[in-house]
Amino acid sequence: MRVLEAIFLVFINPLFYKITLTAATPLIFASLGGVYSEITGVVNIALEGIMLMSAFTSVVFTYLSGNVWIGVLMAVISGLAFSWIHAWGSIKWAGNQVVLGTALILIAQGVTGFLMEPIFGKPGQTDFVGKVEELKIPGLSNVPFFGKIFGELSPFVYMAFAAVAFSWWLIYKTKLGLRMRAVGENPEAADTLGINVFGIRYFGVLMSGVWAGLAGAYLSIGEVGHFRELMTGGRGFIALAAMILGKYNPVGAMLASLLFGASSAFANQMQSSSLIHVSATVKPLFDMIPFILTIIVVAGFVGKSRAPKADGVPYEKVS
Amino acid sequence: MNKRFSAILIPIISVLIALAISTIIILLIGKNPLTAYSALIRGSFGSKQAIADTIIKTTPLILTGLAVGFGFRAGVFNIGAEGQMVMGALIAAAFAGNFGFLPPIIAIPLTILIAMAVGAGYAAIAGFLKAKTGAHEVVTTIMLNWIATYFASYMVTGPLKVGSGTPKSPEIANSAQLPILMKVGAIEVSAGIIIAVVAAIFMYILLNKSTTGYEIKAVGFNPYAAEYGGISVSKNIILAMAISGALAGLAGATELMGVHHRFLGELSGGKGFDGISIALIGQNNPIGIIFAALLIGALRTGSNEMQFVGVPKHMVMIIQGIVIFLVAADRIVRTIMIRKKVTK
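In order, the protein sequence lines correspond to chains A and B.
The numbering of the first sequence is this note's numbering, which starts it at 1 and goes up by one.
The numbering of the second sequence is this note's numbering, which starts it at 1001 and goes up by one.
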């Protein structure tokens, strides 16, 4: 019974909802990145690597400039640069997109680990370099319950939701969005209509770099203010799962990210519950929850989620 | 260009390009690339000890390379070799601690079988979900990797825990340990390397000379045509995933029975992921995989020595990443080769 009581207390605790939002934020950004890339037909497993590179870049430039926003900007630029490599290999050279993605993850892990010593003088983890201030909405923090959730939140959280709204509009309400979807479904037909298939695909992949870059920046200077080796910890892949679960739709991806955010917030809150004793030994079992949930959800719903027809298939112009 | 010739040439040229890029990186951080590379070679082949170490590192890599390579041939992308290796070794370790009453002739094969069966079963989850619900194996195997990692960390800090310090399981029974082939100082090379090479030869025969191999390759090549030809696609996807997982489990077994003799906190250390590079560099050919594993094994062994001359061992990951990138986008390399020919 104490377990049920503990579960109940988690759900009425505003902190649970706040952690859900903050845990979902990087997933929302990264899964949006996945949506942009994959609706134009390019599988982007590299999200994990892009996030890691950007998390590192934002810490480096925050450290050098002393300004966190320069760090954020550089995270986006590094996301663009790194995703460009993916675009170049998979669009121009028609390489296997899944394999290119794993190569980029390995390169990102190598480069970030490699540069840590020359730049920060020690391996493993950097010192605190600065953090994007949380947004305090005056008066709101005094409101019961909701004040504890929304009173003080990172601006990244709001940016993530704005990015979802923007992306939904771009993908479903503009000509560019229509072209992106056309290129992902049937590149031959799009080409016949005079759409620049390669150009649109480059756009999709580069935009995925922008969003994954913001995801990475949030993980480092948005949340903790330092960089730790391999700090993305598989979130890029969870974001991919969220994208699939969200049916390659920005709003769906956001909802799925919130679900994963809630599952890690739940694991987190249960561990600190005073009603049940969670020893350090059992902690790993709680850490498994989001991953088990992902499998259940991907296996259970993917039948209804259909990837764009040309997703993962390099386009080759017949000349 | 001759197909067989380019299958060998592309990985070699990719490695050379990766080395050229890493040379520039090493120069940029103000170190001498020649010092770095000679340390790398000294660390991997420079002494008897170094060679023994390279053989030990290469053993599980051959097996994870075979695991991923076999999956590729069957059209499944098994990123989960890591988790399958961990689960296989973990469960085998839990049993093999109690095998003291069995003679080696039973204890050794039994421990290997447990690790392989667990690896196969764990991988088959992803195969089953792909075949039945269409869940992409890349996503499911990655999730299974994380679950395996957390589960292992629970087991060695909880039910299986012995001693203090690094989380570890009890030592497996002496009779379940692989025989030692060669002893150099404190380094023992076990019979694991023989198991790995035999497995590669076996996989070569399975793929090229058996009906199962033919069916699996047909499904990998074109699932629609295979289905039309009366080959069950879903059965073969599950089977391919299980065989792939059994190989990853075997990799775990060689680490457990030949190197650590117990399950340690970080038994795999990324060897499952290295399997992806190895399968690609070896062009999914079991014999090519042996050489690719030797290359990566040597890089990993030598990277420690490189660290001593001031080049972080992460350099090796960058080299590996560039090689995979170039092998995946092999047209880059082909274009370079063709241009070279023209200018000649």
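Treat the hints loosely; a few may be bogus.
[As the list claims (entries may be wrong)] DEER-style ranges, computed between Cβ atoms:
1) A:G139 <-> B:G1134: 48 to 54 Å
2) A:Y172 <-> B:G1134: 21 to 27 Å
3) A:G312 <-> B:I1194: 36 to 42 Å
4) A:A280 <-> B:I1205: 23 to 29 Å
[To be verified] Distance condition first, Cα-Cα at most 27 Å in a straight line; then the derived DSS-like pairs of lysine-lysine:
5) A:K175 <-> A:K18
6) B:K1168 <-> A:K309
7) A:K18 <-> A:K283
8) A:K18 <-> A:K136
9) A:K92 <-> A:K175
10) A:K309 <-> B:K1132
11) B:K1161 <-> A:K122
12) B:K1217 <-> B:K1048
13) B:K1161 <-> A:K309
14) A:K317 <-> A:K92
15) B:K1235 <-> B:K1132
16) B:K1209 <-> B:K1183
17) B:K1161 <-> A:K283
18) A:K175 <-> A:K317
19) B:K1132 <-> A:K247
20) A:K283 <-> B:K1168
21) A:K283 <-> A:K175
22) B:K1048 <-> B:K1132
23) A:K148 <-> A:K247
24) A:K247 <-> A:K175
25) A:K131 <-> A:K18
Worth flagging that the hints you see were computed from the coordinates, not collected in a lab.
None of the values given here were measured: they were computed from a predicted structure.
Beta carbons: idealized from backbone N, C-alpha and C, even for Gly.
Do the hints match the structure? See the list:
1. Between A:G139 and B:G1134, the C-beta spacing of about 50 Å keeps the proposed range 48 to 54 Å intact.
2. Take A:Y172 and B:G1134: their Cβ atoms lie about 25 Å apart, and the range 21 to 27 Å holds.
3. In this structure the supplied range 36 to 42 Å holds for A:G312 paired with B:I1194, their Cβ-Cβ distance being about 39 Å.
4. Evaluation of the 23 to 29 Å hint for A:A280 and B:I1205 yields a failure: the beta carbon distance comes to about 48 Å.
5. Restraint check for A:K175 and A:K18: the C-alpha separation of about 37 Å exceeds 27 Å, so the hint is violated.
6. Proximity of B:K1168 to A:K309 is assessed by CA-CA distance (about 47 Å); at most 27 Å being required, the pair is judged violated.
7. Among the hinted pairs, A:K18 with A:K283 is consistent with the structure: their alpha-carbon atoms are about 21 Å apart, no more than 27 Å.
8. Among the hinted pairs, A:K18 with A:K136 is consistent with the structure: their alpha-carbon atoms are about 14 Å apart, no more than 27 Å.
9. For the proposed pair A:K92 and A:K175, the alpha carbon gap of about 24 Å is at most 27 Å, so the pair holds.
10. For the proposed pair A:K309 and B:K1132, the alpha carbon gap of about 20 Å is at most 27 Å, so the pair holds.
11. A distance of roughly 32 Å separates the Cα atoms of B:K1161 and A:K122; the hinted pair therefore is violated under the 27 Å criterion.
12. A distance of roughly 41 Å separates the Cα atoms of B:K1217 and B:K1048; the hinted pair therefore is violated under the 27 Å criterion.
13. Proposed proximity of B:K1161 and A:K309 is contradicted: the alpha carbons are some 49 Å apart, above 27 Å.
14. Proximity of A:K317 to A:K92 is assessed by CA-CA distance (about 11 Å); at most 27 Å being required, the pair is judged to hold.
15. As the CA atoms of B:K1235 and B:K1132 are separated by approximately 10 Å, the hinted pair is consistent with the 27 Å bound.
16. Restraint check: the Cα-Cα separation between B:K1209 and B:K1183 comes to about 37 Å, which exceeds 27 Å; the hinted pair is violated.
17. Simply put, B:K1161 and A:K283 have alpha-carbon atoms about 15 Å apart, close enough for the 27 Å limit, and the pair holds.
18. Restraint check for A:K175 and A:K317: the C-alpha separation of about 23 Å stays at or below 27 Å, so the hint holds.
19. A hinted pair counts as satisfied when its Cα atoms are at most 27 Å apart, and B:K1132 with A:K247 qualifies at roughly 19 Å.
20. This hinted pair checks out: A:K283 and B:K1168 have alpha carbons roughly 17 Å apart, not beyond 27 Å.
21. Of the supplied pair hints, the one linking A:K283 and A:K175 is violated, its CA atoms being roughly 49 Å apart against a limit of 27 Å.
22. Note on B:K1048 and B:K1132: the hinted pairing is violated, with a Cα-Cα distance of about 51 Å set against a maximum of 27 Å.
23. Proximity of A:K148 to A:K247 is assessed by CA-CA distance (about 32 Å); at most 27 Å being required, the pair is judged violated.
24. At roughly 21 Å between alpha-carbon atoms, A:K247 and A:K175 fall within 27 Å of each other, so this suggested pair holds.
25. Between A:K131 and A:K18, the direct Cα distance comes to roughly 18 Å. Compliance with the 27 Å bound is thereby established for this hinted pair.
When held up to the earlier numbered hints, the structure conflicts with 4, 5, 6, 11, 12, 13, 16, 21, 22 and 23 and fits the remainder.
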